[in-house]
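Participant: Spelled out from the first residue to the last, the chains are:
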Amino acid sequence: MKRPTDKKPPREILSLLLTFLKIGLFTFGGGYAMIPLIERETVEKHKWITGEDLLEIVAVAESTPGPIAINAATFVGSRVGGFFGALAATFGVIAPSFAVIIAVSFVLEQFRSVRWVQYAFNGVRAGVLALIAKALWSMFRKCPKGLFYYAVMLAAFAAAAFLPVNAVYIILLCAAFGLVKAVAAGRRDAG
Amino acid sequence: MIFLELFLTFLKIGAFTFGGGYAMLPMIRSEIAARGWLSADELIDFIAVSESTPGPFAVNIATLIGMRTGGVPGAACATLGVALPSFVIILLVARVYRKFRQSRLVAGVMDGLKPAVVGLIAAALLTLGQAVFWPGGFHGEVFLSAAFYVSLFIFAGAMVLAFKKLHPIAVIALSAAAGIAAGYIFHF
Chain A
1 MKRPTDKKPP
11 REILSLLLTF
21 LKIGLFTFGG
31 GYAMIPLIER
41 ETVEKHKWIT
51 GEDLLEIVAV
61 AESTPGPIAI
71 NAATFVGSRV
81 GGFFGALAAT
91 FGVIAPSFAV
101 IIAVSFVLEQ
111 FRSVRWVQYA
121 FNGVRAGVLA
131 LIAKALWSMF
141 RKCPKGLFYY
151 AVMLAAFAAA
161 AFLPVNAVYI
171 ILLCAAFGLV
181 KAVAAGRRDA
191 G
Chain E
1001 MIFLELFLTF
1011 LKIGAFTFGG
1021 GYAMLPMIRS
1031 EIAARGWLSA
1041 DELIDFIAVS
1051 ESTPGPFAVN
1061 IATLIGMRTG
1071 GVPGAACATL
1081 GVALPSFVII
1091 LLVARVYRKF
1101 RQSRLVAGVM
1111 DGLKPAVVGL
1121 IAAALLTLGQ
1131 AVFWPGGFHG
1141 EVFLSAAFYV
1151 SLFIFAGAMV
1161 LAFKKLHPIA
1171 VIALSAAAGI
1181 AAGYIFHF
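Line order of the protein sequences matches chains A and E.
So for the first sequence, the working numbering puts the first residue at 1; every next one is plus one.
So for the second sequence, the working numbering puts the first residue at 1001; every next one is plus one.
If you only want the chain A side, here are some residues facing chain E, beta carbon under 10 Å, derived: (1) Ala33; (2) Ala73; (3) Glu109.
Taking lysine-lysine pairs in the DSS-like style, the calculated list, with each CA pair at most 25 Å apart, reads: (4) E:Lys1164 to A:Lys142; (5) A:Lys134 to E:Lys1165; (6) A:Lys142 to E:Lys1165.
Calculated directly from the structure, the hints in this document are not laboratory data.
Computed from a prediction, not measured in an experiment: that's the story for all the values here.
Here a beta-carbon is modelled for each residue, glycine too, at the ideal position from N, C-alpha and C.
Chain A on its own, in the form it takes in the complex (with noise of 0.2 Å):
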């Protein structure tokens, strides 16, 4: 595996912002529908990382914070060309969405009064419900059981549906939760 440097020729900085914009610009959903196409580009076609570096870095993208598709960018530039490489493949990652919706904003503004359009938004709208329901259910299915678990998600549930606080308080509650049971845990492990 190749060593993090801050010194790598502009050359190699180019074929990042190139290799990510073009990943920005042909996945659709981001995260997750992105890994394919990022492991074909830097495992298989550039060799920047290998398939376990991959593995990793989605494992890394997963236990910090913000978009997956972000983190995987930042760490495979920062990898391949130190701090200007990840500014290059982060650039490239999101420059084509934020493009695209910028010209997707003002044409929606235009159709926006339009009856079939509203029409069609009615729809969608249901359809997308659907879609978050999916997500949460493969999300449900991916979160470990256990008593602990099924408390923390109720009382997140019951928290955000029927209390009015923000939700960064009890993303802050929980990961002090979990982090009071990992360290009695480490206790009772070492007593």
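Once you have looked at the hints, place chain E on chain A.
Facilitator: Frame of chain A, contents of chain E only:
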């Protein structure tokens, strides 16, 4: 100062979302509700647009909300805000990632966060569902409106298709087509 507010709000969303994509919704919902930036309906529309345009979901929705609230500079502030925490944290973690991965404390925090995200998304689904099924608030007459049954029908169909692993964009396109057909049949 709307630009600074957009930047800081999305900085917070970027810093406290684990898992990306839909895991971001509870935070976004609670922030925009607190600031009155969008209605629940608009948020759902933006989710649909973010899902059907290329690139990371989080970047798309940040750009859309920023654009709606503060034009192109607003979009730039929101997008920069949502990306910055990831960028900085990954740069810090990238050099010690094996240690980070094996840390018992990191694993502990994740143990608390994984079920929390599930609970939070369930709560967001409940709020957004209310905005879809009874936009004017819940009352007995909801069950007499054609719009309610159309939404229910499309939701049920989309559930079947989504769980059969049809691509999200196809689910959205079919829901849009069903919405247009129902609109012209029932004249909402």
